[in-house]
Amino acid sequence: MRIIRRNLSTNLFSLLFAIILCVFPLYTTAQNAKVRIFAHEETIDYGPKSLPRIWKQNTYDDGTAVVRIIRRNPAIQGPVCLIEKLFLRIIHLDGTVDEKDLDLGIQPFNYCLFQSNNLGVDGQTVEFIDYYLIRKNQILVTYHNATDINDYYTYEEWGMVIDFDGNVKSRTLFGFAFVAPATQIITPNTNIKLNINREKGFLRIATVRNTTNAEWQQYRVELDGTITKLTSGMLEFDNFKSLTQSTISTVDEGYAIVYAKTSDEGFKPSDPLSPLSQLFYLYIGYNQYPVAPLTLYQTTVPNVNITSLYCGIASIGVGQVCTLAARQIDTATSQVNTFYVMVNFLSSGSVSSFKVINRLFPAIENTVNKGIDWVVASLSYGGYLLTNTIRGTPGTLVYGFLFGDDDANYVEWDLEEPQPSNTRGAISILNNNTLMLAQFETANAWSFNVIDLPKFSDRDSGYANTNVEATSPSIQSFIDPDSQKTIRIDFYDQIELSNGNISIFQFDGNDKKLRQIIPGNSCTLENESKSITAYVLDSTFSLSNANYFITMDNNFVKNKAYKEPLLGIGDNIWTFSTTEGKKQKFASSTSGLVRLTVDGTKVYDSLSSEDQDKFFNTLLIELADSIPVSPTRFHSNKKIQPDNTLKDNPYFISIGIEETEGGNEKSVDSIIKILETMIKYKDQTPIGIGEVSKYLDASYGFNPKPDLWETYKYRLLGVFLVVGLLIILFLFAQKRDKAGNNFAILQLGLILFDLIMDVLFVSNNSRDIPSLYIPSVIFVTLPIGLNTILAFYIITKENAVPEFYKWFTNNGKVASVFTLLSGADIEALNILQSNLAGLPFFQAPFSDGAKSKIFWSACLNVFIEDFPQVIIQIYYRINTVTYDIIPLLTLISSTLNLIVNIIGRLYQATNRVRHGKNKNSYTSDEEFGGLDNKKVLEKLEGDKTTSREVPNSVSERLAPNYLGDVSKLDNAEGSSNNSNSNLGNDFNKNQNTGKSFFKRMVNKKV
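Counted the way mature numbering (1 follows the signal peptide of the UniProt record, and there is no 0) counts, the sequence shown spans residues -30 to -1, 1 to 976.
Just so you know, the hints here were simulated from the structure itself, not pulled from any lab data. Be aware that one or more of the hints could be misleading.
Ranges of calculated distance between the beta carbons of each label pair, as one might list FRET restraints [as the list claims (entries may be wrong)]:
| id | residue 1 | residue 2 | range |
| --- | --- | --- | --- |
| 1 | Glu580 | Glu466 | 46 to 54 angstroms |
| 2 | Lys664 | Thr269 | 21 to 29 angstroms |
| 3 | Asp508 | Ser320 | 41 to 49 angstroms |
| 4 | Leu243 | Lys500 | 40 to 48 angstroms |
| 5 | Ala302 | Thr269 | 30 to 38 angstroms |
| 6 | Leu495 | Asn180 | 19 to 27 angstroms |
| 7 | Lys4 | Asn107 | 30 to 38 angstroms |
| 8 | Thr265 | Asp450 | 54 to 62 angstroms |
| 9 | Gln298 | Thr13 | 46 to 54 angstroms |
| 10 | Asp300 | Thr265 | 25 to 33 angstroms |
| 11 | Ala879 | Ile748 | 51 to 59 angstroms |
| 12 | Glu631 | Val568 | 34 to 42 angstroms |
| 13 | Leu243 | Pro263 | 37 to 45 angstroms |
Just so you know, these numbers come straight off a predicted model, no measurement behind them. Backbone N, C-alpha and C fix where the C-beta goes; we use that ideal spot for every residue, glycine too.
Let the hints inform the model, and build the full structure from the sequences given.
Rendered as structure tokens:
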């Protein structure tokens, strides 16, 4: 074969399978320095009558090839029918081959091949099954189904999405199969074009049964394999002699249908300018409807018939390019002349260039080739290849001619002329300009002849994109993960930003992990609009000694002059590695909070308890995968808590981070920083595309467990200041009068503190757990209400006693305040009789009945207030994900209050039992609180001038043991004769001054 070379670089592009030399059972042998053989021996041998035949090859964008192998079924005589399996062979980038023999569960006629003549190129082969590569583990298989295989009008075309293990994800009916009106024979003529972004599905075009019209349909294949129909429409064709069409997947992720039509009306002398042959262009945006077709080319030359049309994206320059074959018949000599027209046009429909290709073709088997239509393929690095296939013995013979964009002559290429091929004549050209030609199969193996086609462009910088000149980081470079903050792309021509993205991946073998998505609107144009610079998040290159690659979406930028979207950079092309980063400091395990969005909260609420548990598990896995670290580094208590500071009450979730166990694992501090960055910028990180992690609130981020002291130190200092003030007041009271129950001031502080914290908890935190709100309110308001009523009742009853009424009249304001305070704790009334600091308004002469009521009310409070509130606080602590200062202090105050009240009530109850044996001791203040009798007696002993005689009215109420002690003291002093009268006088004086003695029932004057 021959090659035309123009400004051809001598550097050949490395073969896709250059590294497979030592891989068994793959091998390569050299025919010459430039042609190699790629071969694979099948694992299962079906016998010599069922040899494997290469039938078709499809390729992923990264170069991974998927070859369909067919094997004839020897049990079926007559028509050519195949073994009823879809034999796929996945050729990986490392040269290994995976064999997939898939049972599709479809009707057997799908595996039969029908044709007008024998199998080969002389007749059109009719086949019912085809396949298309959607994602790495998703393929679309089209097939037919018939309710009556003998009635072509019952045939329908279906599509199924399967994985490479044969698992069917979905099935979709596309429409009725086409039946040729003239022959009434079923003729599958569907054309399916994958979107340039395979994630967005495909466009299907099929002729409508019993018409000349065609229907187009847009579909998208979802991640779960279901097929979603988007838009559809009709193309109406009439008054044509010949019609051919080609479909393009455009750079901006839309589609274009280009069709050529030759009128059947012929030349009209009366209308000589009427076009006879026309080329139309119909643009269909993704999930949109077209407007109207545009005319790209037309001619008035008679006797011209457009026989073939080949269209695609222009690899050099901008826009799209179509090459059409036009056949003209000389009516005088009946000589057939074939010429080719190449049309370059923009997405707007404007034609940027037009030229007729006049080439000299050699003779094939002594026949001049001007009457033969050639298949035209535009090459990735400029130029184009014309190929044709004729029947050979055995198999087929393939002729090919390689031209530069402006060359008029061809040159022989490195393959033999003609090149023998297999029965199908399978030939494919990869994106890296590698040509693979199937060889005839003679054993249980198959093979390709492989050759690198030359590059006709001098703009190849290794990015598989002739628009990109250089990048930073450069290909195969090493970067410092701690200092690389930007990336840069330099273009040959001026560009402007469009709506695509730059994506950064970390990869290990075939496993790639997204690190960052950079939208075009966040980039900066520089260098006279020939360069773009983008900033990189701190989390992106966080892995040391790791491999990365960067992709650029198609339509990320546009050519500034033509406003035409440019091609991008694919996977595993712009690759580089990180060096060793800074040594990380050890940090112990911790936890933090994330917050769901409103939509995430609604989704969570709609789940069952089992699915909610899966929700947490999925979230932890996605967080670990996004960093990436082992999933064991994360845990959660699987509790939620509403954020009551926001209107819609989104949920908080607690995430625990385990400390490192050695090695090169990421530290806790590093994980916290990465999570905070990734959640905050989730629209640029894998957090935003996770099944569950996408519901995390970017405005909240990841908040580590707060240091209570750092967060609330001023509030805590305020609490400590109040406690210190209470202690100072206690010491002052002790110094003023040790005889009083000065601990009452601490009790008063605890009562006030507990009341304040209870109210703050109900108002600020009780709604965090909806089921706790009502109980919290009840067990705060109910005790307050009961205590307040009882306090007013006791004070009212006591005012009927003259002695108490006199005290109340002098100290009404203090009594009123403590009556209100007793709503928080009925024990506040006891403070009025505590003789605190010897102050008269703390010397209330409560009756025994009042003291008893206070005692029993305090016992009741333990069960209706103290115990429930402690239980509520413990339940809150267990079932919440965030714990701030108010619940903490409320738990402390409730617990202290419960302990003090239990001990106090037990002490009082013990005294009641101990003194209950003697009816005179029942009313001792020792069981209710008040003065310390022993301390008063000690004070009496220390004051020789003080009378120690007890009036008769009081002595009758004293416990015998204390009276005995007083009598002994009087006898020892030898002053019993005058003591009674002195003590009586002192008693009366003390009543006037409010000083208390012997627990406010024995008075003295110091």
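> Is the gap between the beta carbons of Leu243 and Lys500 within 40 to 48 angstroms?
Replying inline: Given about 45 angstroms between the Cβ atoms, the range holds.
> Do the beta carbons of Lys664 and Thr269 sit within 21 to 29 angstroms of each other?
Replying inline: 54 angstroms, violated
>> Can you tell me whether the CB distance of Ala302 to Thr269 sits inside 30 to 38 angstroms?
In response: 20 angstroms, violated
> For the pair Lys4 and Asn107, does the Cβ-Cβ distance stay inside 30 to 38 angstroms?
Replying inline: 35 angstroms, holds
> Between Thr265 and Asp450, does the C-beta distance stay in 54 to 62 angstroms?
Replying inline: 56 angstroms, holds
>> For the hint 34 to 42 angstroms, verify it against the beta carbon of Glu631 and that of Val568.
In response: This hint holds: roughly 38 angstroms between Cβ atoms.
> Between Ala879 and Ile748, does the C-beta distance stay in 51 to 59 angstroms?
Replying inline: 27 angstroms, violated
> Range hint 19 to 27 angstroms: satisfied by the CB atoms of Leu495 and Asn180?
Replying inline: 55 angstroms, violated
> Taking the CB of Glu580 and the CB of Glu466, does the distance hold inside 46 to 54 angstroms?
Replying inline: For Glu466 against Glu580, whose Cβ atoms are near 51 angstroms apart, the range 46 to 54 angstroms holds.
>> Quick check: does the Cβ-Cβ distance between Asp300 and Thr265 fall within 25 to 33 angstroms?
In response: Given range 25 to 33 angstroms: holds, Cβ gap about 27 angstroms.
> Does the Cβ pair Asp508, Ser320 satisfy 41 to 49 angstroms?
Replying inline: The hinted range 41 to 49 angstroms holds for Asp508 and Ser320, with Cβ atoms some 45 angstroms apart.
>> Given a hint of 46 to 54 angstroms, does the C-beta separation of Gln298 and Thr13 actually sit inside it?
In response: 53 angstroms, holds
Comparing the model with each numbered hint stated earlier shows that hints 2, 5, 6, 11, 13 do not hold.
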